[in-house]
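Colleague: Sequence:
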Amino acid sequence: MTTIGVFLGSVRRGRIGEQVANWVMDAAGERDAEYRLLDLAEFDVPHLVAEVVPGAANKQYDDPAVTRWSEAVDARDGYVFVTAEYNHSVPGTMKNAFDSLFGEWAGKPVAFVSYGADGGVRAVEHWRQIVGNLSMTDIRNQVALNIYGEDAEGADLAPREHKQAALVRALSDLEDATA
1 MTTIGVFLGS
11 VRRGRIGEQV
21 ANWVMDAAGE
31 RDAEYRLLDL
41 AEFDVPHLVA
51 EVVPGAANKQ
61 YDDPAVTRWS
71 EAVDARDGYV
81 FVTAEYNHSV
91 PGTMKNAFDS
101 LFGEWAGKPV
111 AFVSYGADGG
121 VRAVEHWRQI
131 VGNLSMTDIR
141 NQVALNIYGE
151 DAEGADLAPR
161 EHKQAALVRA
171 LSDLEDATA
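Here the sequence shown is numbered in full-length UniProt numbering, starting from 1 and rising by one per residue.
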């Protein structure tokens, strides 16, 4: 069975990203593929300081925390990146965790669910450039949630129906790309 990792990249306290990831996981629960949450807050991925660059490490890491992260990522056939937009770009902690590995991501498909004041679309545009370097197939259908407007009610996530439909399309495209 295909296994998809839902990579929640924000580690902030009180993060709305957790609600977004849970929304994705709820939608994924009714699908044929198996979805597993990869919550970066549950992995103590250190700053990338390894002497050997991840692309040359052959999935062998000195730091046990990076090894644990590597095993979790490598066990997935594709990914949904749940990404915030910080200052028109990707979250630093998420980028560091991504950069700490190489072969685990390479060549696998990735879909994007972003959130922010403008739906997180600029973060996704940066992610598309980044994942292209690892020959990852990026799924064009994306979900962009405006958490200060139409997709939230106060502090609670409340995606509109058309966002739910966009999520279903993105997950379907991702599953097709893993086949």
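Treat the hints as calculated values from the structure; they're not laboratory data. Owing to the predicted nature of the structure, the values given are computational and were not obtained by experimental measurement. One should not assume that every hint holds.
[Said to hold, decoys possible] Pairs of lysine to any residue, SDA-like flavour, derived with a Cα cap of 20 Å:
1. 163 with 132
2. 163 with 95
3. 59 with 33
4. 163 with 135
5. 95 with 63
6. 59 with 117
7. 95 with 13
8. 59 with 26
9. 95 with 71
10. 95 with 157
11. 95 with 173
12. 95 with 16
13. 163 with 173
14. 59 with 122
15. 95 with 138
16. 95 with 65
Colleague: Quick one: which hint numbers does this structure break? Sort them smallest to largest.
Modeller: 1, 2, 3, 4, 6, 8, 10, 11 and 14
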